[in-house]
Amino acid sequence: MSENKIDNPSLSFCAPSEVDLQKRDFLVKATAATGAVGVAAVAVPFVGSMLPSERAKAAGAPVEVDISKLKPGEKLTAEWRGQPVWIVRRSPEMMAKLDQHDADLSDPNMEVPQQPEYCKNKARAIKPEYAVMLGTCTHLGCSPNESFAQTSEWPGGFVCPCHGSKFDLTGRVFKGSPAPTNLIVPPHQYLTETTILIGDDKKAEA
Numbered sequence: 003m004s005e006n007k008i009d010n011p012s013l014s015f016c017a018p019s020e021v022d023l024q025k026r027d028f029l030v031k032a033t034a035a036t037g038a039v040g041v042a043a044v045a046v047p048f049v050g051s052m053l054p055s056e057r058a059k060a061a062g063a064p065v066e067v068d069i070s071k072l073k074p075g076e077k078l079t080a081e082w083r084g085q086p087v088w089i090v091r092r093s094p095e096m097m098a099k100l101d102q103h104d105a106d107l108s109d110p111n112m113e114v115p116q117q118p119e120y121c122k123n124k125a126r127a128i129k130p131e132y133a134v135m136l137g138t139c140t141h142l143g144c145s146p147n148e149s150f151a152q153t154s155e156w157p158g159g160f161v162c163p164c165h166g167s168k169f170d171l172t173g174r175v176f177k178g179s180p181a182p183t184n185l186i187v188p189p190h191q192y193l194t195e196t197t198i199l200i201g202d203d204k205k206a207e208a
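Counting from 1 along the sequence shown, just add 2 to a position and that's the residue number in my numbering.
Everything labelled a hint here was simulated from the structure, so no lab data went into it.
Think about it this way: if two alpha-carbon atoms lie no more than 20 Å apart in a straight line, the pair counts; the simulated EDC-like pairs of lysine to aspartate or glutamate are:
(1) 129 to 95
(2) 77 to 95
(3) 73 to 131
(4) 177 to 106
(5) 99 to 76
(6) 129 to 195
Computed spacing ranges between beta-carbons, pair by pair:
(7) 165 to 75: 24 to 30 Å
(8) 95 to 164: 27 to 33 Å
(9) 177 to 143: 16 to 22 Å
(10) 147 to 114: 21 to 27 Å
(11) 147 to 104: 19 to 25 Å
(12) 123 to 177: 18 to 24 Å
(13) 68 to 94: 19 to 25 Å
(14) 177 to 84: 26 to 32 Å
Predicted, not measured: the structure shown is a model, and the values here were computed from it. For every residue, glycine included, the Cβ atom is placed at its ideal position computed from N, Cα and C.
Please model the complete structure; the sequences and the hints are all you need to start from.
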């Protein structure tokens, strides 16, 4: 029986040449490098998403509010730390009734520290004409509606539509309201006659 012989050089099973090894090493390194770039491309946005955004970093920063266009009897709403801040320019008629309903209030003398010491006065304000307070009910955090029309039985103020809490024009809560305390007066100061800085009261305390 004759011996089979393979003469086709293309079917040779000899060891790879040095050129083939170099090509293989190049392909392995190129594939690894491409994979690393892909991982980095995914990782950078992920890491970036864990960093605080500029908006988040600024959320607790003081806020300047221009009140130059606020007319008597009007309310302006700003935002500080994600909460509404009301600035009410009280008219002379509003101011005249601030101390005529103390007997109807839960904490008329502001014994609960819901305001800085420099606002513990009849107007709960640095400048009596301007009220500055957080627009969130102290019951469950709802936002009361303004009710500035004064009558013989109502001195003007705010009424919470959720559970009926009532506050006067200084933010003091009326008896019988679900809200346990007066509205909060945030720290603030006047930078100019018409600019209020909310969230910083270093000058106001001095």
